[in-house]
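The sequence shown runs contiguously to residue 292 in the numbering used here.
Since the hints were made in silico from the structure, they are not lab data. Accuracy of the hints is not assured; some may be wrong.
[Said to hold, decoys possible] Straight-line Cα separation of at most 27 Å, BS3-like style, residue types lysine-lysine; simulated pairs:
#: 1; residue 1: K282; residue 2: K242
#: 2; residue 1: K224; residue 2: K183
#: 3; residue 1: K273; residue 2: K250
#: 4; residue 1: K282; residue 2: K164
#: 5; residue 1: K260; residue 2: K250
#: 6; residue 1: K185; residue 2: K149
[As the list claims (entries may be wrong)] The following label-pair restraints were derived from C-beta to C-beta distances:
#: 7; residue 1: D176; residue 2: I122; range: 40 to 50 Å
#: 8; residue 1: L142; residue 2: N181; range: 42 to 52 Å
#: 9; residue 1: T286; residue 2: S127; range: 19 to 29 Å
#: 10; residue 1: K183; residue 2: I122; range: 44 to 54 Å
#: 11; residue 1: Q177; residue 2: L47; range: 16 to 26 Å
#: 12; residue 1: L51; residue 2: K245; range: 18 to 28 Å
#: 13; residue 1: Y5; residue 2: P271; range: 29 to 39 Å
#: 14; residue 1: D117; residue 2: N53; range: 35 to 45 Å
Virtual Cβ for every residue (Gly too), placed ideally from N, Cα, C.
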Amino acid sequence: MSIFYQYSLESSICLAVLLLPYLLWFRKATFYQWNRLYLLGASFFSLSAPLVNIEIETPAMVKMAENLQLFEENSIEQPFLETETLPSKTEAITPYKQQTIEVSETKQNSSLWQKIDWGLGIYLLGSSIFVALFLFRFFKLLWLIYTGKQTKEKGFTSIHLQGKQAFSFFNFVFFDQQLYNGKEKIALIEHEQVHIKQGHSVDVLILEILQIVFWFNPLFRLYKKLIQQEHEYFVDAAISSKLGKTQYAKLLLNLATDSKPVLGHAFAYIPIKHRIFKLLQKPSTTMEKSRF
1 MSIFYQYSLE
11 SSICLAVLLL
21 PYLLWFRKAT
31 FYQWNRLYLL
41 GASFFSLSAP
51 LVNIEIETPA
61 MVKMAENLQL
71 FEENSIEQPF
81 LETETLPSKT
91 EAITPYKQQT
101 IEVSETKQNS
111 SLWQKIDWGL
121 GIYLLGSSIF
131 VALFLFRFFK
141 LLWLIYTGKQ
151 TKEKGFTSIH
161 LQGKQAFSFF
171 NFVFFDQQLY
181 NGKEKIALIE
191 HEQVHIKQGH
201 SVDVLILEIL
211 QIVFWFNPLF
221 RLYKKLIQQE
231 HEYFVDAAIS
241 SKLGKTQYAK
251 LLLNLATDSK
261 PVLGHAFAYI
271 PIKHRIFKLL
281 QKPSTTMEKS
291 RF
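Full structure from sequences and hints, please.
Below, the structure written as C-alpha cells:
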C-alpha cells in the first residue's frame, strides 16, 4: 500500500504543477477545445508520469560505479586465507533445556491489531462510499430513462421530465417538452446535440471514475469542474453564433435553474455568470494560441 501512497503523492504533484499554466494563462483565452484537451492530457499525464523511472547518470555516479566494479574484481582475485583446523576433541556441552513461555491472549490480540493495515481499510471504506454514490446517481438516471416518455430523434433520444431541469448524458436529452416554447426548445436541443457530438459525456465519465479511485484527492474534482466549464463555454460559443450572443444570454438567464443534473451537462445550471462573461468576451487572437 505504501507504493500506492507514493504514486498518489507524485500524481498529485503533477496535477498541481500542470494546473498552474491553465489558471494563469490558458483559462483566460477562448480556445475552449484546446483547454479541454490540455486538462484531459494533464490528467492522463499525471497518472502515467509516476510510473516512469528516469535514471540520470552524472560523472560522479559513473566514477562510483567504476570503482565499485574494480573493487569486486579485486575481491574475486584475492586468495582465501587459510584457517586453522579445529581440534579433534571438543569439550562436552551440557544441553540447555529451553523454557516454554506462555503468551497471553491479550498480547496475541494486540499483535493481530498491529498487523491490520489501517490505511488500506480507510481507503477501501472511502472508495466504497464514492462507488455507492456514483451507482445511486447512475441507477437513478437509468430509472428516468426507463420510466420517462422516450422520443426517438435524429442522433439522440429525448426523455420527458417534469420541471425546469434540462440536461444530457451521452445520447439522451432530458427535459420537459411542454415547458418550453418553440425557440427555447430548438436552442436547448441544439445545445445538447453539440455535447453529444463532441463526446463530452466521455470526459465526465472518465473523471467520475478517477474521483472514485482517488477520492481523497480534491484536484480530480477540480479538474472535472474545469473541464465541464470548458464544455459549456464551447457549446455556448457554437450556439450563440447562430442565435446571437445577446439573445442567447437572455435565454440562459430565463432557463437558469438550481436543480443539479443527475449526471452529464445541465443546460443552464446556476451560477451561470461565468458562462455569460465568457459568452460576451472578445475572442482570443491566433497569436495567443502560441501559449499552448
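Hints, one by one, checked against the model:
A C-alpha spacing of about 17 Å is found between K282 and K242, which places the hinted pair at or below 27 Å, so the restraint holds. Our distance criterion of 27 Å between C-alpha atoms is broken by K224 and K183, whose separation comes to about 31 Å. As the CA atoms of K273 and K250 are separated by approximately 12 Å, the hinted pair is consistent with the 27 Å bound. Note on K282 and K164: the hinted pairing is violated, with a Cα-Cα distance of about 31 Å set against a maximum of 27 Å.
Restraint check for K260 and K250: the C-alpha separation of about 20 Å stays at or below 27 Å, so the hint holds. With a CA separation close to 17 Å, the supplied pair K185 and K149 stays within the 27 Å bound. The given range of 40 to 50 Å is respected by D176 and I122, whose C-beta atoms sit roughly 43 Å from each other. Distance hint for L142 and N181: a CB-CB separation of about 30 Å, inconsistent with the stated range 42 to 52 Å.
Distance hint check for T286 and S127: the Cβ-Cβ separation is about 45 Å, which falls outside the suggested range of 19 to 29 Å. Our hint of 44 to 54 Å for K183 and I122 holds, since their Cβ atoms are close to 52 Å apart. Separation of Q177 from L47 is about 41 Å and departs from the stated range, judged on CB atoms against 16 to 26 Å. Judged by the Cβ atoms, the range 18 to 28 Å given for L51 and K245 is violated: they are separated by roughly 45 Å.
As the Cβ distance of Y5 to P271 is approximately 36 Å, the hint placing it in 29 to 39 Å holds. Checking the proposed 35 to 45 Å range against D117 and N53 shows it is violated: the Cβ atoms sit about 25 Å from each other.
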